[in-house]
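Starting from two chains that each stand alone, build the complex the way the hints lay out.
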Amino acid sequence: MNLFREIYQSIVRRDSLSTDKGKSELVFLNVWLHIHPAKVKKEHMKFRHTFYLGFVTFFLFLILVTTGIVLMVYYRPFPPQAYQDMKDLEFVVFMGPFLRAMHRWSAHAMVVCVFLHMCRVFYTGSYKKPRQFNWVVGVMLLLLTLGLSFTGYLLPWDQLAYWAITVGSNIGSYAPLVGGQLREWLLGGHSVGEAALVRFYVLHVAVLPSAIILLTIVHLWRVRKDGGLSRPVWTLKKDKPQDLVTIGAPVGAAALKTSAASPSKTYGLMEVVTGKPIFETITPEEEEDTVFSYPYAFVREAVALMVTVTGIMMVSLFFHAPLEELANPAKTPNPAKAPWYFLGLQELVSHSAMLGGVVAPALMVLALLAIPYIDRNPSRRISDRKWAIWLFTIFVVANLILIVVGTFFRGPGWALVPPWVHVVAGAE
Amino acid sequence: MNRRAFFKISWGSVGIASLVSALGVSFAAILRFLKPDVFYEPPQAFKIGTPGDFPFGAPTFLVEEKIFIFRDRDKGFSAASAVCTHLGCTVAHFQSDQKFHCPCHGSVFAADGSAQHGPAPRSLDWFEVTQARDGQLRVDKNKIVPPTYRLMV
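Residue numbers (my numbering), protein chains in the order written: chain V, 1 to 428; chain R, 1001 to 1153.
If a hint is listed, it holds; no wrong ones were tucked in.
Subject to a maximum C-alpha distance of 25 angstroms in a straight line, what follows is the list of computed SDA-like cross-link-like pairs (lysine to any residue):
1. Lys337(V) / Val397(V)
2. Lys1035(R) / Pro77(V)
3. Lys337(V) / Ala321(V)
4. Lys331(V) / His1101(R)
5. Lys1066(R) / Gln1095(R)
6. Lys331(V) / Lys1099(R)
7. Lys1143(R) / Ala330(V)
8. Lys21(V) / Ser264(V)
9. Lys331(V) / Lys1047(R)
10. Lys1035(R) / Glu194(V)
11. Lys1141(R) / Ala175(V)
12. Lys1099(R) / Asn328(V)
13. Lys1099(R) / Val417(V)
14. Lys1035(R) / Gly193(V)
15. Lys337(V) / Arg1122(R)
16. Lys1066(R) / Gly180(V)
17. Lys1141(R) / Pro176(V)
18. Lys331(V) / Lys1066(R)
To spell it out: a stretch of chain R is covered by chain V in this simulated footprint if at least three of its residues, at any positions, have a beta carbon under 8 angstroms from a beta carbon of chain V; those stretches are:
19. 1057-1067
20. 1084-1091
Hints were generated in silico from the structure; no laboratory data involved.
These numbers come from a predicted model, not from an experiment.
From the three backbone atoms N, C-alpha and C, an ideal C-beta is built for every residue, glycine too.
In isolation and in its complexed conformation, chain R is listed as follows (with noise of 0.2 angstroms):
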């Protein structure tokens, strides 16, 4: 290889690498740019009110946050989501047989949240529930926690 050719081949190749890197890293970069940074939603943790608010029985639905509070008189509190683990979908609770029924593709969970009919994959998630310093009760979704778990007040 002669001198010229040794010149060419090398600033080539820098010149190739550097448009092939510049390239990839502004592609990376607009990637990340689309990944969401700042969420316009309701907070994944937040405080639903105090625990007068809830009735025993029968879970309270809460519409925005899309999860069910229930309140036993022995156990306490707890929380499932209302969102169905197939495709998204609001569950319904229902009192007649204690069980979570999908309208979309009549997928059915167990009273515990456990999937038991239709094409749900997985049972449907249980948050913690804490109570914060000014007495009311907070849900994280962020912290999912096994259906036997319960906040004594």
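Extracted from the complex, chain V is given alone in its bound form (with noise of 0.2 angstroms):
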């Protein structure tokens, strides 16, 4: 018996819970009461504060990394045999359209929260100092997470998957100077063959989930260290300027918020420093606030997972992931479409291959980056931000209605075709 209490210690090393030391350790030897804050505020917790898009976009990365693995078990990244493994996932694999369809809509889900998240981030005007950098880590995350995105695309190797890649890629070939160059390194060939199809899988399954782990380990470090999520936007009060946290304040930065010592707190040696504090200072009052993340945020985030698990489940068991027939590089379907988040971008390019295909998604991105760098106003507050707010949201409209456009508008040739009306496209 003496073994197995051993081995018990071994793995649960805190003390019994019948001890307050015991108490305090299974909060403060939890790994994971590490990484997630061991205590938040009330306030954060609040759905309609962010709407918990930011831990329903990293659910939906879990499950795509689960699902992506298993269905990695069943496919051979090389022409035509990647379409057969399609097809056996399919018809013969046991819960293979399931994972597949899984796999489809939560890549597709994640690029919307991706998007939604970066709304209510700058709807409440999250970004701002000292948050500015994390909203450039943001930026890159969905630019990763398009990434992602574009490169499963060519991996069914189907019509769809072919041909999607096909005008993606070339959208890409008119940046100046380096355009071609840029698509034959990618493409690893003058056309989507079997190098793209190995560089895709590379890029899908190895480069770019790396990347988007470690900017992801980023962007959720830099929220803690500015003290978790910023204040709800309906609690800044009109009289008291809201600076956000001070870590590292720069010169010139508001002045840190300190507190006297309170007596009824222990302090750890590196709280008790002088000078400017690395983290955030937490007054008595604002301690109050506050209330431990086990059971009330994980009881919350364990709703958010369990909501966007159960609803990826269920689209994708009345749903399909789409499979056309096999990739044809002599017949164009018509009309040919890249993959929805870039039809807006089709569409620009539809009329001007070099303003729409370059200057405007630089441009695009660009602006996005500088976002919290442009914007020099202090406040937070709905009422003090009104042009910063219509500029944003005629950014996200026209994206959208070019997307809507570009998906349900276009039909053969590219010619404007609602979408209720059916057109039966001539070959020749």
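Spelled out as structure tokens, the structure:
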């Protein structure tokens, strides 16, 4: 029995929960409560502040990693076997269609949620000092998400995949000077072929996931170091300047909030060092507003996880991932469309290749990256940010309109065809 | 500056310079590694068959190579690219109006390949057609020729 006890104690190294020390060690010796803050502010858990979009995005990523790894087992990244493997997954492999559908719909949902999360962060002004760079990291994560979705799009090697990537990669080749080179470098050839499939596979299962994991770590760490989420907009007081938190505040930044030591609290050595604090200082009143993450935040996060997983599962039960016929370089479907999130881009490209394919997207990305540095307005209150909110809303709506037009209103020959009109495409 | 500081700075900069150049060279080497040296795709220059294989009038579409072979009774052979200059879709040649039509975004190219309608930024390419020693016709996609180019056999 002693051996079992020793094994148990080697795993659970805290004292018994009947002691106060054991109770505190339950939190302090727990790696998940090291990554996740042990305590959170009550207001941060409010649904209408964040809609839990960041969490949902993260959970979708977890679904994608899980389903992606199991799908890899049945997948060979060279044509035409890649397509045969899709057929196997669809018709032979146990749960194959379901897992493939889950992977597909989670990928689409992740693109949507990353975008919605970005909108939430913008509208609540949460990218402001000192969180500017975390917004930039977020934009990079958005681009990586698009890259992951785009590279995954080719892997089934059906007509949909082949022509979406042909059109998508040709949009990129309009970049001046390097465009053609870049395309050849990405595709490993002059057109989408077996070299392109292997390259996209490597990007999809190794390069981009590693990058997105690394940046996610930075993204979440910075949120924590900035004192958790931003305050909900409705808690901002009219009279009080609402500077965000003050980590390593640069010269000229708002004065750090410091507070006198509370007699009822035990301080660690780090907390009594003189000079600027590295971490956010919490006043005793603010301390009152916090609760232990376990169980209060964890329960809510678990609900978000369950809603996400159940939602994706329900959709995947009823809607299969599309699979068309084997990729045929000689037969262009009419119309050939890029993945939906690039259809706004394709819509622009159908008017002007250079302006729509290079200048507009480059400006869009640069503008997104620069938002926290252009917007010098320190206030987070909606009423103080009319201009910023109008501009961003126009940006969002313009993108949505372009995507909707490209997706639903473009028929054969890229002619303007409303979705309720059925056109039978005549080949010749 | 004393001796100690001098050595600290000089060795320090040597170290940083070596590190940066090592990283830079490695990075450049990887970029070059990723640039394809082998192409597993149809060759850019290839034989397409004997002149007798191709009828007069309507062009012959070669699926794998994505080219149209035109044979004119008076002028001879010419080869047009079937890859739309807009986004790389495969264009179709319509006998009715003697034009090339792209299914993707509605670009239309005239009989000589020049862009007429739609978003295509430039005309279709025409490739050099030559006759090999064995009598077969040979197309070289690396050699772009003006649309007036013809090979008389």
